[in-house]
Amino acid sequence: MSADKDEDPRMNGIKSKIRVVPDFPKPGIMFQDITTLLLDSKAFKDTIDLFVERYKDKNISVVAGIEARGFIFGPPIALAIGAKFVPLRKPGKLPGEIISEDYVLEYGKDCLQMHIGAVQPEERALVVDDLIATGGTLCAAMNLLERVGAEVVECACVIELPDLKGRERLKGKPLYVLVESH
Amino acid sequence: MFAAENGLKGDPRLQAISRAIRVVPDFPKPGIMFQDITTLLLDHKAFKDTVDIFVDRYRDMDISVVAGVEARGFMFGPAIALAIGAKFVPLRKPRKLPGEVISESYVLEYGTDCLEMHVGAVEPGERVIVIDDLVATGGTLSAAIKLLERVGAEVVECACVIGLPEVKDCCRIKGRPLYILVEPRLSDECC
Numbered sequence: 001m002s003a004d005k006d007e008d009p010r011m012n013g014i015k016s017k018i019r020v021v022p023d024f025p026k027p028g029i030m031f032q033d034i035t036t037l038l039l040d041s042k043a044f045k046d047t048i049d050l051f052v053e054r055y056k057d058k059n060i061s062v063v064a065g066i067e068a069r070g071f072i073f074g075p076p077i078a079l080a081i082g083a084k085f086v087p088l089r090k091p092g093k094l095p096g097e098i099i100s101e102d103y104v105l106e107y108g109k110d111c112l113q114m115h116i117g118a119v120q121p122e123e124r125a126l127v128v129d130d131l132i133a134t135g136g137t138l139c140a141a142m143n144l145l146e147r148v149g150a151e152v153v154e155c156a157c158v159i160e161l162p163d164l165k166g167r168e169r170l171k172g173k174p175l176y177v178l179v180e181s182h
Numbered sequence: 001m002f003a004a005e006n007g008l009k010g011d012p013r014l015q016a017i018s019r020a021i022r023v024v025p026d027f028p029k030p031g032i033m034f035q036d037i038t039t040l041l042l043d044h045k046a047f048k049d050t051v052d053i054f055v056d057r058y059r060d061m062d063i064s065v066v067a068g069v070e071a072r073g074f075m076f077g078p079a080i081a082l083a084i085g086a087k088f089v090p091l092r093k094p095r096k097l098p099g100e101v102i103s104e105s106y107v108l109e110y111g112t113d114c115l116e117m118h119v120g121a122v123e124p125g126e127r128v129i130v131i132d133d134l135v136a137t138g139g140t141l142s143a144a145i146k147l148l149e150r151v152g153a154e155v156v157e158c159a160c161v162i163g164l165p166e167v168k169d170c171c172r173i174k175g176r177p178l179y180i181l182v183e184p185r186l187s188d189e190c191c
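Top line first, the protein sequences correspond to chains A and B.
Per the numbering used here, the first sequence starts with residue 1, numbered consecutively.
Per the numbering used here, the second sequence starts with residue 1, numbered consecutively.
Bound-form chain A, shown alone (with noise of 0.2 Å):
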């Protein structure tokens, strides 16, 4: 689902600080950009209220933040809802002893790790991410928590690409956006 755009007066100033940058990473990609939203510090404000405000009473005790931009977004929620925060990282960057996942992308393959210990089983996690397009990151995320015996309470990301069917690839799992992008 996604946040009442009708009724929420703040996601009006939300959306329209997001910055669409034409042909980034290659030709063809209409590129989100949420660093504009970060330097509007109340429209910032804004979007880690809004998910405070859904996630502070589900007793979540795991934030787990997709490398690079969930690291934007992920530890603030954590921190307002009393929650651990856990970075899903590229490969090579966690010092300690990790789990992976490997995940399909458009040409090739990537890889998301864990800290082993950093998620205890039955806790329950919430996920984010700046953008959800395909799903496949957000997937793999979601199998390293479950993996370690967590519950994937939701996905949580900004901006949805409905249009790539994203949310089709979560398992069954529940997301939930602030804005939609056709």
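Note that these hints are calculated values from the structure, not bench results.
Fair warning: this is a prediction, and the values are worked out from it, not measured in the lab.
Note that the Cβ used here is the ideal one computed from N, Cα and C, for glycine as well.
Honestly, I wouldn't trust all of these hints.
Claimed, not checked - One-sided excerpt, in silico: chain B residues whose CB lies under 10 Å from chain A:
1) V24
2) F27
3) G31
4) D60
5) A71
6) R72
7) F76
8) G77
9) V89
10) V122
Here the structure of chain A is known, so what remains is to put chain B in place on it, guided by the hints.
Frame of chain A, contents of chain B only:
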């Protein structure tokens, strides 16, 4: 300057923050005792205390920009920016930022690297703090300072959770002050 020598001597939060940081030997290569802040992020109180100490220091200093160095600077910077009402500006590795950028190269032990910032993110005359998890040689922070000064901003201070011994006696980077919460620990044993 270290926080313990600058108003926070004996502050129990600093000890808890230091203990929450895990030391991983021989990462990324033999001989390096890697200071791993991910365990600090798992300790909600210690993580919150870390952010609060920086917020308390900067909230009345008219800071309008918090610039965070990719990627671990992203874990601390935004929370500080939100609390003090400043913008957050990510300083990134090459080709990650989609718009028009300025770039600053810097020297590594072997080879060079490069930091980029969006054109237009920071205006001339803005007061900025630069945040990263750790400062070692100061090379990355120097590049960050140069980027910000090139657009006419004033870097008020660089702030890091951990400061390696190289900077202990030299508390400025390119003439700008450096504020550090804790020193690295040598190992995870005892303490």
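Here is how each hint holds up against the structure:
1. V24: holds, 4 Å
2. F27: Interface hint status for F27 of chain B: holds (4 Å vs cutoff 10 Å).
3. G31: Interface hint status for G31 of chain B: violated (14 Å vs cutoff 10 Å).
4. D60: Violated, because the Cβ-Cβ distance from D60 of chain B to chain A comes to roughly 16 Å (cut-off 10 Å).
5. A71: This hint holds: A71 of chain B lies near chain A, its Cβ roughly 5 Å from the closest one there, short of 10 Å.
6. R72: Since chain A brings a Cβ to about 8 Å from R72 of chain B, closer than 10 Å, the hint holds.
7. F76: At about 7 Å, which falls below the 10 Å cut-off, the nearest Cβ of chain A leaves the hint on F76 of chain B intact, so it holds.
8. G77: holds, 8 Å
9. V89: holds, 7 Å
10. V122: holds, 9 Å
Checked against the numbered hints given earlier, this structure breaks hints 3, 4; the rest are met.
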